[in-house]
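K.L.:
Knowing the structure of chain A, use the given hints to seat chain B on it.
If you're matching them up, the sequences are chains A and B in order.
At position 13 of the first sequence (counting the first as 1) the number is 108 in this note's numbering, and the numbers step up by one without a gap.
At position 30 of the second sequence (counting the first as 1) the number is 132 in this note's numbering, and the numbers step up by one without a gap.
Simulated from the structure, these hints should not be mistaken for lab results.
Taking lysine-lysine and the DSSO-like style, the derived pairs with C-alpha atoms no more than 27 Å apart in a straight line are: (1) Lys187/B with Lys174/A; (2) Lys183/B with Lys128/A; (3) Lys124/B with Lys184/B; (4) Lys277/B with Lys124/B; (5) Lys124/B with Lys146/A; (6) Lys277/B with Lys319/B; (7) Lys120/A with Lys277/B; (8) Lys120/A with Lys186/B; (9) Lys123/B with Lys188/A; (10) Lys155/A with Lys189/B; (11) Lys272/B with Lys120/A; (12) Lys320/B with Lys277/B; (13) Lys146/A with Lys98/A; (14) Lys158/A with Lys124/B; (15) Lys123/B with Lys146/A; (16) Lys144/A with Lys186/B; (17) Lys167/A with Lys126/B; (18) Lys123/B with Lys319/B; (19) Lys271/B with Lys120/A; (20) Lys174/A with Lys124/B; (21) Lys126/B with Lys120/A; (22) Lys98/A with Lys174/A; (23) Lys128/A with Lys184/B; (24) Lys272/B with Lys126/B; (25) Lys187/B with Lys167/A; (26) Lys184/B with Lys158/A; (27) Lys187/B with Lys144/A; (28) Lys174/A with Lys189/B.
Being a predicted model, the structure only gives us computed values, none of them experimental.
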Amino acid sequence: MFKELDPILHSQLRLAVMSLLISVKEAEFTFIKEKTNATAGNLSVQVQKLKDAGYIEVIKQFKDNYPQTTCKVTPEGVKAFEAYVQALQQYLKV
Amino acid sequence: MAKESTFSEQESLQLIAEMIKKAKGSYHDTGIGSLLWGAVVAIASGVNFLQREYDFKLGFDIWWLVLAAIIPQVYISIQEKKIKKAKLYDDDLVDVVWLVFGISIFAMGFYQNFVPVQTEKFIAEEGWTLMKHYSDGRPDEVIRPFTPSLYSIYILLYAFPTMVTGMVKKFAPMKLGAIATYGLFILSLFTESRYDMLLGSIAALVCWFIPGIILRKKYLRQVSVNV
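If we strip away everything but chain A, and leave its shape as in the complex, we get (with noise of 0.2 Å):
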């Protein structure tokens, strides 16, 4: 019996950050967008769902009176990121 594919990750911008952020302990939203090669409001709208999903932390604050944009990954991202590729290797039979 094949694991349903989480629908949240199965989504190539939203996988792509996952993937991005899973390597990383912290990344700005900038450096997001510059690997991820989306617009700034596709990404914007992605990240929102991951963080209402609770796969990712979304830290807002200045820096150099700049607005900047932290993401992470918690804790509950990393399971979903781990059952998703155990999912994915069952599928490809890995």
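P.N.:
Coordinates of chain B only, in the frame set by chain A:
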């Protein structure tokens, strides 16, 4: 990254691998810190060796140069923090190791300066003095207490954070530099203290200056790709 609808499981795995690779390869140290400390310590040790070898004075203690390097280092750290957009898991560990190293070096400085003075005081209280007695009949000389071959310990200390950084960051030039420095430490146990200075200078070059050049090249290559 605009497509949201259909992407296969195979594509998902490819995307994960690609993003993890991008994240891991996203950050390189600017190398300026390594270059700065490699140059400063190599110059200070090298000049100190030349002073002792050729018996000349500069009019100031060359080691003040090392202390003065803290000012540009603070500036470099602030600038690097500004340009760094992602923090890796091992960044904090490496920062702490170098902080502890800095504290240890300063503690060694205090040890080097206070122990001889205190020892001199204690032995004076006990009513005796350290004498240099020549076996060839020359008159005895009173000598001040000193910490023998102390620079060997400095060389040993140089290797420690370099090895940790090299291992954590999987950066071979630092690992090799640290291994070479352990060799220099062993060699320094058999040499006069002035030659320890020369070995210390080489240690600074292999531990920090040469890896610094490599880091700088990598960083500039990365910046040119991103532009």
